[in-house]
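With the hints as a guide, bring both chains together as one complex.
So the sequence lines, in the order shown, correspond to chains G and U.
Counting along the first sequence from 1, when you hit position 21 you're at 142 in this note's numbering, and nothing is skipped either side.
Counting along the second sequence from 1, when you hit position 126 you're at 141 in this note's numbering, and nothing is skipped either side.
Some clues are possibly wrong.
Chain U stretches covered by chain G per the calculated footprint, using a threshold of three residues with CB under 8 Å from any CB of chain G [what the hints assert, rightly or not]: (1) 97-105; (2) 116-130; (3) 143-154; (4) 199-209; (5) 224-232.
Sample of chain G residues lacking proximity to chain U, with all beta carbon distances greater than 10 Å (derived) [what the hints assert, rightly or not]: (6) Pro146; (7) Ala152; (8) Arg175; (9) Arg276; (10) Val386; (11) Val519.
Keep in mind the hints are simulated off the structure, nothing from the lab.
Glycine residues also receive a C-beta, built at the ideal position from the N, C-alpha and C atoms.
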Amino acid sequence: MPNPTATTLPDARGRFGAYGGAFVPETLVGALRELAQAYDDARRDPAFQRELDRTLADFVGRPTPLCFAPRLTELAASRSKTGGAAQIWLKREDLCHTGAHKINNTMGQALLAKRMGRTRIIAETGAGQHGVASATAASRMGLSCDVYMGSEDARRQRLNVVRMRLMGARVIEVDSGSRTLKDATNEAMRDWMGSSDTTLYIIGSVVGPHPFPMIVRDFQSVIGREAREQCLREWNALPDCVVACVGGGSNAAGIFHPFAQDEGVALVGVEAGGRSTNAGDHAAPLAFGSPGVLHGSMSYVLQDEHGQTADVHSCSAGLDYPGVGPEHAYWKDAGRVRYTHVGDDAALDAFVAMSETEGIIPALETSHALAHAIDLAATMQPDQRVLVNLSGRGDKDVDEAARLLEARQKPAQ
Amino acid sequence: MTRIDDAFTDVRAARAAGRAPSRGVLAPFVVAGRPSLAALPDMLVAMERAGAGIVEIGIPFSDPIADGPVIAGAMHKALLDGVTPHTALEAIGAARDRVKMGLVAMVSVSIVQRLGAAAFCRECAAAGLDGVIFPDAPLEEAPRFTEPAREAGLDAVLLVAPSSPPERAAEIASMCSGFVYMLARAGLTGEREGAPDAAALRERVHAARAASGLPVACGFGISRPEHVRAILRQADADAAIVGSALVRRIEDGIGRGEDGAHAASAFVAELAAGLD
Ligand SMILES: Cc1ncc(COP(=O)(O)O)c(C=O)c1O
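Here chain U stands alone, though its shape is the one from the complex (with noise of 0.2 Å):
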């Protein structure tokens, strides 16, 4: 058992029992190195505390064409103070032996190509990360990415968007492991004031964890405790997964002098309260 699989014990059983789940998982979304790398273990710590159940740590990229300003700008800042993916890997593995929950890293193919995939996932797999996700690489370009993950025993995910039709959504699905990410809407990254549209996920969702035998976390424009209720309840997804709207709290902290962690695990005690 990885400590994904563990992340989702419960949701998997109720499946398995053919009932929903009573509790789904909460995966929020850091930059690493935002406001520190040093800050990150605690930051950690304090979101497991409040209910996190597998943290995202997104590697800073120049260029991440899919994020929108408030990610690609803490990205932005994470590199100005000098963060590489080496001190990032670093910080993460500081930080592994003080939480239990899964831990992924959100890494753009730029980066990986460059550092070589299995050089990088092997680092990522010493540093005792349980997982990557490929946020730029699409099913046709995607097996050199998860195969070298895959070999260094870590969970590969890709993402189905709503855009994907859906023989392409299920062999995308498949090709996953760990859990498969569904955008819940279109677009870049950023929070939304509306709920997304749970009813209209809902089918693509179950069709995702028919073809992967796979939980299905959602993300994309989740921003309230509300929204990941409907993800979790009306979508029937096993995961929301929670980007910007926590990175601004953290922003916003940081514009305040402080370290993150209270931000962060105030924000993510707020959202958890969506998974009931």
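In isolation and in its complexed conformation, chain G is listed as follows (with noise of 0.2 Å):
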């Protein structure tokens, strides 16, 4: 039973109901076209899927497991009135190769590149996690690789800027606005401006303008639909509700969409709470955001009144963002995804909980989703089953969490 909303969206001009479109430069709009009929080929092309199936396979690892948290699981049943919780299942992209969902669209994009003839890759990073998935997927297919990081992202993790380095990446630390992901975004769509006829950008979550965020969905469905069919497999049964964290939205997105069509299948995307809800201390465009334009496309957006891209805080730096995927905007719309938020000492709870209780150091990301996962598990019976996306792993994140560990026990000034 194939779900209309499921299969048709986008339509022929990029939008998922009112959202998404292309509200670009002209100098972009040949570049787009380029990309999107290069796309439609590949999809129809068998030669490219094989290849594509192979590298996921050999190299970045997949399928990846689908894995029960027993001890996460009885935590949450021991903050239940009931006692009892919802199982808590962990779909684990953190055993990707470089450690995080964003391979899986970086392999396909990086493909469609070496299609395309082009010779070199672009991308913007926020934690770095796609920046190294880029610099990976370059070393592999022998493409140079340039990617742009805000000067504050790549002092949060530092980690991920030497590891770009080590596979042969030119990181360039962008230093303009509020230094994070945005900004690198802006650099990497200034870059690709005037250079699209040797590289491909190679955007790193379902957004910027179509036909990039309908892609990105695309090759992170992957992770729903390896997802769907092991519930099936070992549960005989669908989830009774599936969590991802929602920076721009892409791990959500792959997860989500295979499950778009279950109607028994409750969606739930977190965005980040930051600090406070109060404007600038968070980055949770559909909880507080409102319709706008940012980087090509029509979304929720965290603006002024003005129009100025609004500042946005995460102790994340994936999250970080004030834009979210327009696929996310028509979800919320429709009343097909709940939209919540989880603040950053919530998820830094969950971060220590995840790793103490199953050995596993979660990214800061994937703590927000954890953090919903086990309060919502808490609420459920013990024959229902949540499904957390588990993003990443936290190896880049141990140096800012400890920091963070540590401020918190420093009484309050």
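In structure tokens:
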């Protein structure tokens, strides 16, 4: 029973209902069209699909496991009024090569770049995971690679800067604006504006102008396709609820999309609640923003009343972005996905809880989803199942988390 | 007749008579709020005297992806000073009666969308602007911006890129009013050493003029009097737009403690030498 919303969107103009599109300078239109055409050809080409599948299997390490989290489930139960909780299951994207889901997309897009005769790729990165995944794809496929990264993020995610450089990528630190993901995205778009003849811009999430949100969603949907099959095989049932963190929204879109037609499966996206609900203290456009245009597409966005992009904050560099993919805006308005937010502190607690109970140090991004999943499971029955997209591992975050945990121990001034 | 039409009176007359115009139009670009909004009226007066025919006023935006470091940096500073679209339009309103030339705003659709296209365009018209340039509204998304502009009595200008295929370029040109903005180069705003490839532009300029019946202005990377001359003579455009080179001089002037009017008028006068 194919679901029309799952298969026909976006439309030819790149619209998900009122959202999406391509609000870009005319200079980029040709490059975007060429990409859309090349992707359309590739998608229909069994040889391309075979090469992608093989790369995902041999190099990325797919399929990733579906794994029960017994002690995290116990923790949830211990917090529940009834003493019972839904089972928490994990889709282990942290076990992908390089440690996060981002590589599902970069391998796909890098193959596309080669197919299009490009010799160079560029990327923006926040947490550095997409940058590392891009550098990896470039190294594997013999492409040159430049990664734009806000200087604040480069500080927070130093380890990933080293990894990118080791793999031969050039990391260009961006000092403009808030020195985070939004500014890195601006610089990558500026680069592509003058370099599209030789270069493919590999965007890191389901954001930006059409066809990026569609391409990234499609490449990330391998997560949900696998998970759905694994659930049916393991339980002979679908999960009651799927939870994922939402920065730009790629790991969430990737796991949600194949479940979008399954009415009995609740889908929950978790944005970064940051320090408070005050403007500038969070990075939750679906919760606190409104429709507007950022980076070439119409979606929920955090802007001030004059249309200037607002400052955002999250302890997690990968969620520290004022926009979100247009398909999430569509899902929100359609009521198909429920979006909520989790703050820095609760995410840090979940980071610790997950490490202690399951022997998995999760990414700070992912910790937002885990925090909500624990709370949610505690309100559900033991025969129910919550599936969490464990989007990445937290090695990159240990310094930052240690710093935050230490700061917590100091008495407030 | 609008003020933009007025700027092109001689150009139109020459074209109608089958001649190349003896003098094209110079269209400098400045960022609203640099050095200050209070300085804008004097700066516009000085530029008009120095030979500007139309001035483009950039409304500062936090994420101008088509702009190079000079214009993006100036916008960033203006925003730090608290410039908003409303205060920028107020300053334009205060300057309106002091100059006769055409004034057009250049504004990201992110801002227009937030303020509401109809309300924003009415506010522009009330401030005495003659048109609005929408640099990040491609053809497919353009009507939701160009129609409210026209309803408010403003010209609406879209950009044609070197990469626009001929049919698409013609379609964009025919959706413009006032004039067509043709990019002289691919890429971002910013100064360039060499002259743009005027010979390659010439055919595209002719096609855009034929498709739209409007004057064609070329901009991006036009930084010197000889570039202005090349754009008007070799490329046969009707106007030359100069942005980053002027903004840099204004910024340099600010660095020396000046008010912007002097640097702007001196450079516009220099560029105007390229009109003849
Ligand atoms: C592990 C991990 N999860 C989630 C995200 C957020 O991105 P998205 O919402 O596109 O999945 C990132 C971004 O860097 C990440 O590294």
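Here's how the hints hold up against the structure:
no.: 1; hint: 97-105; in the structure: holds (count 3)
no.: 2; hint: 116-130; in the structure: holds (count 8)
no.: 3; hint: 143-154; in the structure: holds (count 5)
no.: 4; hint: 199-209; in the structure: holds (count 3)
no.: 5; hint: 224-232; in the structure: violated (count 0)
no.: 6; hint: Pro146; in the structure: violated (4 Å)
no.: 7; hint: Ala152; in the structure: violated (8 Å)
no.: 8; hint: Arg175; in the structure: holds (35 Å)
no.: 9; hint: Arg276; in the structure: holds (21 Å)
no.: 10; hint: Val386; in the structure: holds (34 Å)
no.: 11; hint: Val519; in the structure: holds (32 Å)
Violated hints for the displayed structure, listed by number in ascending order: 5, 6 and 7.
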